Amino acid sequence: MRAPLRPSDIRSWLLAAPVALVLGFFLLLPLVMIVVVSFWGATEFSIYPAFQLDNYLFLFTSSVTYQVFAKTFVYTLVTWAATLAIGFTIAYFLAFHIRSQTWQVALFLLCTIPFWTSNIIRMISWIPFLGRNGLANRTLIEMGLIEAPLEWLLYSDFAVILAFVHLYTLFMVVPIFNTMLRIDKSLIEAAHDSGATGLQILANIVIPLTKPGIMIGSIFVVALVMGDFVTVRFMSGSQEANVGRLISNDIGLLQYPSAAATSVALLVVVVLTISVMLRFVDIRKEL
Amino acid sequence: MRKNHYSRRTLLGGGAAALAASAFPAPMIWAQDIKGVTLRQVGTGVSAFNEIAQKAKEDLGITLEMTALDSDATAQRVATQPNSFDIADIEYWMCKKVWPTGNLQGIDVSKLEYYDKIVGIFKDGKLTPESTIAQGSAPHTVGFVESAGDKAFAGGETGFMTLIPTVYNADTLGIRPDLIGRPIESWAELLNPEFKGKASILDVSSIGIMDMAMVCEAMGEIEYGDKGNMTREEIDKTIAIFTEAKKAGQFRAFWKSVDESVNLMASGEVVIQSMWSPAITAVRARGIPCIYQPLKEGYRSWGNGLGLASHLSGLQLDAAHEYMNWYLSGWVGGFLMRQGYYSAAPETSKLFMSEDEWGYWFEGKPAQGDITSPQGQVIEHAGAVRDGGSFMDRMGNVACWNSVMDENQYMVRKWNEFIAA
Chain A
1 MRAPLRPSDI RSWLLAAPVA LVLGFFLLLP LVMIVVVSFW GATEFSIYPA FQLDNYLFLF
61 TSSVTYQVFA KTFVYTLVTW AATLAIGFTI AYFLAFHIRS QTWQVALFLL CTIPFWTSNI
121 IRMISWIPFL GRNGLANRTL IEMGLIEAPL EWLLYSDFAV ILAFVHLYTL FMVVPIFNTM
181 LRIDKSLIEA AHDSGATGLQ ILANIVIPLT KPGIMIGSIF VVALVMGDFV TVRFMSGSQE
241 ANVGRLISND IGLLQYPSAA ATSVALLVVV VLTISVMLRF VDIRKEL
Chain B
1 MRKNHYSRRT LLGGGAAALA ASAFPAPMIW AQDIKGVTLR QVGTGVSAFN EIAQKAKEDL
61 GITLEMTALD SDATAQRVAT QPNSFDIADI EYWMCKKVWP TGNLQGIDVS KLEYYDKIVG
121 IFKDGKLTPE STIAQGSAPH TVGFVESAGD KAFAGGETGF MTLIPTVYNA DTLGIRPDLI
181 GRPIESWAEL LNPEFKGKAS ILDVSSIGIM DMAMVCEAMG EIEYGDKGNM TREEIDKTIA
241 IFTEAKKAGQ FRAFWKSVDE SVNLMASGEV VIQSMWSPAI TAVRARGIPC IYQPLKEGYR
301 SWGNGLGLAS HLSGLQLDAA HEYMNWYLSG WVGGFLMRQG YYSAAPETSK LFMSEDEWGY
361 WFEGKPAQGD ITSPQGQVIE HAGAVRDGGS FMDRMGNVAC WNSVMDENQY MVRKWNEFIA
421 A
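Residue numbers (my numbering), protein chains in the order written: chain A, 1 to 287; chain B, 1 to 421.
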């Protein structure tokens, strides 16, 4: 026999209801729709309900799919490593080298200034800079460092990753900076007094204690890069593709079921990647 | 489902007007009633100019809200969001994709004042009685239906058009003569290793595949039965040739919107590429030499038209008819001819162009004075001749029309692989 609902139970249910409803409608329902549609069929101009495996069959039998997923991982990995290195350094500098809190805040705000303009504009402004006759090439030629313009600066993997790093480093800086600020300074002093070198302090105190921040930043960057399609399209001049572009091409050509199937595959891959990452650090425990 | 947001009075008025209209088919009597009507037009960027909306406001009193999207996005919008637009400004090949959805209604030609002035290309497919019809989705093959609600295309001229033809052109490759420095005569040059890393093609499958076919045929690599309706093997071979070239680094970038092609050309990133006429005009307006190079294999052609959304009725439908009549009455045609397109009713457009402009753009004669773009920038000086010559020389030399093939879905998948490869 179950006990009847007590008033406090009802109150808890009611309190939880809004979030549950919002998540249900705006997260779960769309996800379910995507999974359902991924089994549908499509004609030139319409989609029709069905249960067929064609979309997945085509997805998993095309060698392009694997190349594109591999490319997506390469972009993710390189971007992650670069944003981590840069983001950690900036956060470290802000947290430990700037003594006054006013300056910390001021410099931190300085980091966010580029984010006052839109993503697309920040990305596209690289194009004239990196182009064949762009600023970068002209400067290098004038300085006598190169003879002919470097072709790989623009419309290449280099350009794509450069834009990613530029766009997403702040997502690394913020959480790392945040966790670093909460490290008890006396710990570092104690380590110093006990004769630890700077490197030892970094490796044994700062890095372990900033792990949750690093992990949160990494999740941001990984999720953003794996889901991106605009940056890849513009910075590679449409020449390279990641999974996001595969999906957006399908949508553009009205092949929704095939786009849905690719989305499901991407979703599974991203969820797996992030759950693997979470195995390394228990964010909840350390926050 | 109809969506009406009028008061009862305007509805009654519109209804009475509609009755009157069916009794006396004289479209001009509405001019007063349609003032204040808003029409939402969605289309490709080719003819979405604010000047047209302004002029429509002045002449007709209707408000045009224009949305410009790339070709694929336009087809997508028309096929999937029927209530988001009133007028679809689309290309003829898109008809094959969007017409069967039933989101557009056939247009009664008796409502069209200038039907007689429309060129033959959009009626029986022939420019002159002797001309042969090019391969591909030629406009007249998808231009008519038996009745307003019919979802299948009619074999010949009927009383209902799918789209009111507006502008069209013969496309070819654009080149930077200053950076190439030698004559270009064939489509095959697009894959010439001489231009490695300096070529581009457009990333719109229905159009891009046709450019590819022109190139492959010119190279002598493939002989097509019908470029506008390829077999799977032909698609495979075509894509394979281009994938190989892509992997070898032939292309600098692919473009999807006209602006992108302008930037690629103007910045010198690319010296030879698929291009559209307004892009050439835009590059020249910056003072950079750019030629719309006529090629010996002929042109790849396209046509645009205005379609009526199925949900239009009453006053809005009248306003839309009125707008279409106005569109063909000359001013817009003249405006867009200065962009390098041809008007579907050239005779009416002639009235809105100077003799020199008409001579330069339509007749292929040397310019007498400065030739300006629609916005008034000088793009050519006295003595200049239009690339490719006269209307007859250009439109009479069309090798194929932009198409949607029977194997389109297969082609689209292959195209996607080409982009991702």
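Hints listed in this document are in silico derivations from the structure and should not be mistaken for laboratory results.
Among the hints, erroneous ones may be present.
Only pairs whose alpha carbons sit at most 20 Å apart, straight line, appear in this in silico EDC-like list of lysine to aspartate or glutamate [stated by the list, open to error]:
hint, chain 1, residue 1, chain 2, residue 2
1, B, K196, A, E151
2, B, K256, B, D150
3, B, K247, A, E147
4, B, K196, A, E147
5, B, K123, B, E347
6, B, K111, B, D150
7, A, K71, B, D33
8, B, K123, B, D70
9, B, K246, A, D157
10, B, K237, B, D259
11, B, K117, B, E363
12, A, K71, B, E244
13, B, K35, B, D70
14, B, K196, A, D157
15, B, K246, A, E151
16, B, K111, B, D33
17, B, K350, B, D393
18, B, K247, A, E151
This structure is a prediction, so every number in the text was calculated from the model and none was measured.
Outcome of the hint check:
1. Proximity of K196/B to E151/A is assessed by CA-CA distance (about 11 Å); at most 20 Å being required, the pair is judged to hold.
2. At most 20 Å may separate the alpha-carbon atoms for a hinted pair to count; K256/B and D150/B exceed this at roughly 33 Å.
3. For a cut-off of 20 Å, the pair hint linking K247/B to E147/A is broken: about 25 Å separates their Cα positions.
4. For the given pair, K196/B sits about 18 Å from E147/A by alpha-carbon distance, which is consistent with the 20 Å threshold.
5. For the hint pairing K123/B with E347/B, the CA-to-CA distance comes to about 16 Å; that is within 20 Å, so the pair holds.
6. For the given pair, K111/B sits about 18 Å from D150/B by alpha-carbon distance, which is consistent with the 20 Å threshold.
7. About 59 Å separates the Cα atoms of K71/A and D33/B, which puts this hinted pair outside 20 Å; it is violated.
8. Simply put, K123/B and D70/B have alpha-carbon atoms about 27 Å apart, too far for the 20 Å limit, and the pair is violated.
9. Distance hint between K246/B and D157/A is fulfilled; the C-alpha atoms sit about 15 Å from each other, no more than 20 Å.
10. Proximity of K237/B to D259/B is assessed by CA-CA distance (about 30 Å); at most 20 Å being required, the pair is judged violated.
11. Between K117/B and E363/B the alpha-carbon distance is near 18 Å, which keeps this suggested pair within the 20 Å criterion.
12. The hinted pair formed by K71/A and E244/B meets the criterion: a straight-line CA distance of about 19 Å does not exceed 20 Å.
13. Only pairs whose Cα atoms come within 20 Å are accepted, and K35/B paired with D70/B is rejected, the gap being roughly 30 Å.
14. For the proposed pair K196/B and D157/A, the alpha carbon gap of about 18 Å is at most 20 Å, so the pair holds.
15. Proximity of K246/B to E151/A is assessed by CA-CA distance (about 15 Å); at most 20 Å being required, the pair is judged to hold.
16. Restraint check for K111/B and D33/B: satisfied, since their Cα atoms lie roughly 17 Å apart, inside the 20 Å limit.
17. At most 20 Å may separate the alpha-carbon atoms for a hinted pair to count; K350/B and D393/B meet this at roughly 18 Å.
18. A hinted pair counts as satisfied when its Cα atoms are at most 20 Å apart, and K247/B with E151/A qualifies at roughly 15 Å.
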